[in-house]
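Engineer: Residue-level listing of the chains:
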Amino acid sequence: MKNTYVIKRIFYSLFVFVVVITLNFFIPRIGVVDPAERYYPPQGNMSEIEYEIIKQVTRKQYGFDVSTWQQYLNYLHGLSKGDLGKSFRPGSPAVIDLIVERLPWTLVLSVSTLLIGLIIGVMFGVVAATKRGRWQDTLLLNASTIMVAIPGFFIALMLSFYLGFELEVFPAYTDSNMVANFDWSLAAIRTVAYNAALPVLSMAVGSIIGHAQGTRNAVIAVTNEDFILTAKAKGLKQNTIRYKHILRNSMLPIVTSLGMSISGLIGGQVVIEQVFNWNGMGTLFLEANNTNDYPLMMGIMLLLSGFTILAILITDLVYVLLDPRVTVGDKR
Amino acid sequence: MKKKLPIHHGMARGIEKRLKNTGLFIKRIWSHKQGKIGLTMVGFLVVVAIFAPYIAPFNPYDVAERTTKGLPPSSKHLLGTTINTGQDIFSMLVYGTRVSLIVGVTSGICIAIVGSILGVAAGYIGGLVDSLVMRIVDIMLVIPTLPLVIVLTNVLGRDYWTIILIFVALGWTGLARTIRSLVLVLKNSNYVKAAELAGASRWHIMIRHILPGTSHLLIMSTALSSAGIMVAEAGLSFLGLGDPTAISWGKMLAEAQRGGALLFGAWWWILTPGIGIFLAVFSFMRLGIVMEEIMNPRMQRSSGVYKVFKNLNSAYVEEVFNSMDDYAKIGVTPAFEHGKGEVTHETGLKA
Numbered sequence: 000m001k002n003t004y005v006i007k008r009i010f011y012s013l014f015v016f017v018v019v020i021t022l023n024f025f026i027p028r029i030g031v032v033d034p035a036e037r038y039y040p041p042q043g044n045m046s047e048i049e050y051e052i053i054k055q056v057t058r059k060q061y062g063f064d065v066s067t068w069q070q071y072l073n074y075l076h077g078l079s080k081g082d083l084g085k086s087f088r089p090g091s092p093a094v095i096d097l098i099v100e101r102l103p104w105t106l107v108l109s110v111s112t113l114l115i116g117l118i119i120g121v122m123f124g125v126v127a128a129t130k131r132g133r134w135q136d137t138l139l140l141n142a143s144t145i146m147v148a149i150p151g152f153f154i155a156l157m158l159s160f161y162l163g164f165e166l167e168v169f170p171a172y173t174d175s176n177m178v179a180n181f182d183w184s185l186a187a188i189r190t191v192a193y194n195a196a197l198p199v200l201s202m203a204v205g206s207i208i209g210h211a212q213g214t215r216n217a218v219i220a221v222t223n224e225d226f227i228l229t230a231k232a233k234g235l236k237q238n239t240i241r242y243k244h245i246l247r248n249s250m251l252p253i254v255t256s257l258g259m260s261i262s263g264l265i266g267g268q269v270v271i272e273q274v275f276n277w278n279g280m281g282t283l284f285l286e287a288n289n290t291n292d293y294p295l296m297m298g299i300m301l302l303l304s305g306f307t308i309l310a311i312l313i314t315d316l317v318y319v320l321l322d323p324r325v326t327v328g329d330k331r
Numbered sequence: 000m001k002k003k004l005p006i007h008h009g010m011a012r013g014i015e016k017r018l019k020n021t022g023l024f025i026k027r028i029w030s031h032k033q034g035k036i037g038l039t040m041v042g043f044l045v046v047v048a049i050f051a052p053y054i055a056p057f058n059p060y061d062v063a064e065r066t067t068k069g070l071p072p073s074s075k076h077l078l079g080t081t082i083n084t085g086q087d088i089f090s091m092l093v094y095g096t097r098v099s100l101i102v103g104v105t106s107g108i109c110i111a112i113v114g115s116i117l118g119v120a121a122g123y124i125g126g127l128v129d130s131l132v133m134r135i136v137d138i139m140l141v142i143p144t145l146p147l148v149i150v151l152t153n154v155l156g157r158d159y160w161t162i163i164l165i166f167v168a169l170g171w172t173g174l175a176r177t178i179r180s181l182v183l184v185l186k187n188s189n190y191v192k193a194a195e196l197a198g199a200s201r202w203h204i205m206i207r208h209i210l211p212g213t214s215h216l217l218i219m220s221t222a223l224s225s226a227g228i229m230v231a232e233a234g235l236s237f238l239g240l241g242d243p244t245a246i247s248w249g250k251m252l253a254e255a256q257r258g259g260a261l262l263f264g265a266w267w268w269i270l271t272p273g274i275g276i277f278l279a280v281f282s283f284m285r286l287g288i289v290m291e292e293i294m295n296p297r298m299q300r301s302s303g304v305y306k307v308f309k310n311l312n313s314a315y316v317e318e319v320f321n322s323m324d325d326y327a328k329i330g331v332t333p334a335f336e337h338g339k340g341e342v343t344h345e346t347g348l349k350a
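Chains E and P, in that order, are what the protein sequence lines are. Read in order, the letters of the first sequence correspond to residues 0 to 331 in numbering that gives the first Met the number 0. Read in order, the letters of the second sequence correspond to residues 0 to 350 in numbering that gives the first Met the number 0.
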């Protein structure tokens with residue numbers, strides 16, 4: 000039963016991935032088809048024939064000289080070898096190289112935000128759930144009501160205004176030499192941490208409150224279950240119940256939420272990176288958008304979607320492995 | 000045999016009844032403390048948006064009405080002027096209400112329509128329709144929302160009707176999922192079975208019996224997704240990807256950042272649009288939650304039809320919140336998301 004579910008689940012993820020790839024290929028083609036016309040507008044003294052030749056060359060260079068269907072097949076073929084196509088940038092660098100260059104800088108922010116958000120959030124959530132109705136709980140409730148209504152980039156702007164410009168505790172803009180000078184020395188790592196402080200802080204606020212709210216609800220839901228009452232009736236110690244029974248069982252929804260929060264994190268980071276001038280994938284994506292560099296945009300999209308599919312798959316499988324009660328129905 | 004009333008009579012009575020119900024509904028919101036806050040604030044924003052030209056002392060779109068640059072707040076310029084163009088910030092703020100409200104509310108309403116149609120169809124008809132809709136939902140779930148919105152604005156254009164279209168096209172999935180899980184419960188309730196046995200057509204059952212059962216969710220989701228889309232629109236404008244011709248709060252923030260508001264300490268320029276966004280989003284969310292509380296049949300235990308709800312937990316409320324996170328992702332910090340995996344267990348609403 001479980002094995003068939005796991006296999007089914009993996010195949011379903013593959014199916015979703017193929018659809019996403021197809022969408023990725025076709026969406027940019029709704030608008031612009033021809034990189035030649037877009038990138039090389041006719042120069043002043045150029046004759047019709049010369050321009051035609053230049054267009055032909057450009058099309059060939061980017062693989063646009065064949066039918067759309069053939070292009071799609073070529074795209075799939077390239078993907079199977081890990082090739083995401085060539086960027087429209089001058090010198091047509093491979094998309095995958097551009098992404099790999101920026102990926103670590105994005106991950107620095109997302110991973111630290113995730114860890115901070117998860118650790119502090121879960122602790123806060125457990126406290127709020129155990130002190131239900133007291134000030135800790137009220138604080139969490141009010142904070143989450145207010146936080147949902149504040150855009151993350153506004154928090155980021157405020158932080159860079161007060162901590163960056165007014166108090167000058169942390170840099171309001173990322174040091175542009177940080178990436179170039181990075182050499183794994185302690186000083187370089189410290190510089191990165193110093194520069195990353197504000198972006199991480201502005202993302203962590205929402206993350207902490209989100210995880211705290213989720214943990215609180217999960218813990219309260221478990222607390223209301225019958226087996227907790229049984230444990231109490233058996234005369235178990237308060238702490239044994241709290242840590243061995245309640246917390247352990249409420250970890251499951253938290254694990255599930257983790258998978259989803261990873262993808263949201265990377266997506267939402269686009270704006271935050273922009274505020275602090277952080278040279279990550281978000282900035283790369285916006286650069287690509289501003290220059291209509293579709294292969295690059297679609298490469299990033301594909302990578303992010305792939306991450307999400309993988310994260311959801313893993314959390315689902317972990318869920319099945321961890322929780323023997325999960326009914327594995329194919330009806331969702 | 001039923002006595003037939005003249006049509007006009009029936010219609011007049013229907014309208015009268017509806018007006019009375021609407022009045023009652025507003026009264027009930029008003030009697031709720033949070034509802035009073037939400038309703039007042041939403042009403043205030045609507046008035047500001049409609050009468051923007053009369054409220055704003057200057058027309059921010061008019062180049063001729065630009066004055067000295069970088070003035071701090073004074074009696075002439077309530078919130079000062081911008082550093083780069085010398086526009087009156089208070090007027091910009093007032094005009095910005097229009098963009099936020101139009102984009103937010105229109106998208107919210109359209110999402111409710113699309114989401115309810117697809118959700119009810121998927122839940123009630125089942126079979127191929129169901130799997131088709133749910134597969135689309137699954138696929139939309141894994142594509143990162145903000146990058147997709149950016150790609151689509153790049154391809155389709157950036158005027159705000161296109162932006163609304165894109166938000167609706169991407170935003171209905173969460174609501175459709177929620178509605179579907181509710182419909183699966185309603186479908187097995189006795190009154191729907193009775194209607195089926197009485198020979199009612201599928202169409203009739205979906206519109207007259209199932210759809211009304213989801214109305215509390217629809218109303219709430221309209222308000223919540225409006226709020227979420229206001230945040231998203233602000234985020235998009237902040238990136239410089241909103242409607243280039245419109246003055247919106249997000250764009251004001253972006254201009255403030257680029258125009259050196261941070262550097263010169265021009266707090267009036269950077270703080271006010273943020274507060275505007277916060278107030279709009281906050282009031283719509285309050286109103287949405289209060290309306291759900293009032294309309295939620297679980298609260299009206301006496302009305303027999305809705306007894307089915309008694310067994311349900313607050314899973315819908317949570318799910319609608321989660322679907323809101325989808326939009327919120329765009330503008331807001333990556334928010335926590337409750338499990339959206341394949342496993343049915345977390346919804347608590349088994350088929």
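Simulated from the structure, these hints should not be mistaken for lab results. Everything numeric in this text was worked out from a predicted model, so none of it was measured. Certain hints may be false.
Unchecked claim - Subject to a maximum C-alpha distance of 20 Å in a straight line, what follows is the list of computed SDA-like cross-link-like pairs (lysine to any residue):
| # | chain 1 | residue 1 | chain 2 | residue 2 |
| --- | --- | --- | --- | --- |
| 1 | P | K32 | E | L140 |
| 2 | P | K186 | P | R201 |
| 3 | E | K243 | E | N278 |
| 4 | P | K19 | P | I218 |
| 5 | E | K236 | E | I145 |
| 6 | P | K32 | E | A142 |
| 7 | P | K35 | E | K236 |
| 8 | E | K233 | E | M250 |
| 9 | P | K32 | P | F43 |
| 10 | P | K32 | E | T137 |
| 11 | E | K7 | P | V136 |
| 12 | E | K243 | E | E224 |
| 13 | P | K32 | E | N141 |
| 14 | E | K7 | P | L131 |
| 15 | P | K35 | P | H203 |
| 16 | E | K7 | P | K32 |
| 17 | P | K35 | E | N141 |
| 18 | E | K7 | P | K35 |
| 19 | E | K7 | P | L127 |
| 20 | E | K7 | P | G85 |
| 21 | E | K7 | P | I135 |
| 22 | E | K7 | P | F43 |
| 23 | E | K243 | E | L320 |
| 24 | P | K32 | E | H244 |
| 25 | E | K7 | P | S130 |
| 26 | P | K68 | P | G85 |
| 27 | P | K35 | E | E224 |
To be verified - Label-pair ranges, simulated between beta-carbon atoms:
| # | chain 1 | residue 1 | chain 2 | residue 2 | range |
| --- | --- | --- | --- | --- | --- |
| 28 | P | R27 | E | I145 | 24 to 30 Å |
| 29 | E | E47 | P | G156 | 40 to 46 Å |
| 30 | P | P52 | E | Y161 | 46 to 52 Å |
| 31 | E | T67 | P | K32 | 30 to 36 Å |
| 32 | P | I25 | E | D174 | 52 to 58 Å |
| 33 | E | N141 | P | P52 | 34 to 40 Å |
| 34 | P | L155 | E | S46 | 32 to 38 Å |
| 35 | E | Y161 | P | G22 | 43 to 49 Å |
| 36 | E | Q237 | P | L155 | 55 to 61 Å |
| 37 | E | I119 | P | Y53 | 55 to 61 Å |
All C-beta atoms in this analysis are idealised placements derived from N, C-alpha and C, irrespective of residue type, glycine included.
Engineer: Does E:I145 lie within 20 Å of E:K236 when you go C-alpha to C-alpha?
Structural biologist: 37 Å, violated
Engineer: Between E:K243 and E:E224, is the straight-line Cα distance small enough, at 20 Å or below?
Structural biologist: 14 Å, holds
Engineer: Against the 20 Å threshold, does the CA-CA distance of P:K35 and P:H203 hold or violate the hint?
Structural biologist: Since the Cα atoms of P:K35 and P:H203 sit roughly 37 Å apart, the hinted pair is violated (cutoff 20 Å).
Engineer: Check whether the Cα positions of P:K32 and E:A142 lie no farther apart than 20 Å.
Structural biologist: With Cα atoms ~19 Å apart, P:K32 and E:A142 stay inside 20 Å; holds.
Engineer: Are the Cα atoms of E:K243 and E:N278 separated by 20 Å or less?
Structural biologist: Measuring from Cα to Cα gives roughly 44 Å; hence the hint is violated.
Engineer: Does E:M250 sit within 20 Å of E:K233, going by the straight-line distance between their CA atoms?
Structural biologist: 23 Å, violated
Engineer: Please verify whether E:K7 and P:K32 have alpha carbons no more than 20 Å apart.
Structural biologist: Outside the cut-off at roughly 50 Å; violated.
Engineer: Given the hinted pair P:K35 and E:K236, is their Cα-Cα distance within 20 Å?
Structural biologist: It is violated: about 46 Å lies between the C-alpha atoms, which goes past 20 Å.
Engineer: Take a quick look at whether E:K7 and P:G85 sit within 20 Å of each other, Cα to Cα.
Structural biologist: Violated. E:K7 to P:G85 sits at ~61 Å, over the 20 Å cutoff.
Engineer: Between the beta carbons of E:I119 and P:Y53, is the distance compatible with 55 to 61 Å?
Structural biologist: 48 Å, violated
Engineer: Tell me if the straight-line CA distance from E:K243 to E:L320 falls inside 20 Å.
Structural biologist: Roughly 19 Å between the alpha carbons, so the hint for E:K243 and E:L320 holds.
Engineer: Go ahead and decide if the range 46 to 52 Å is satisfied by the Cβ distance of P:P52 to E:Y161.
Structural biologist: 35 Å, violated
Comparing the model with each earlier hint shows violations of hints 3, 5, 7, 8, 15, 16, 18, 20, 22, 24, 27, 29, 30, 31 and 37; every other hint is respected.
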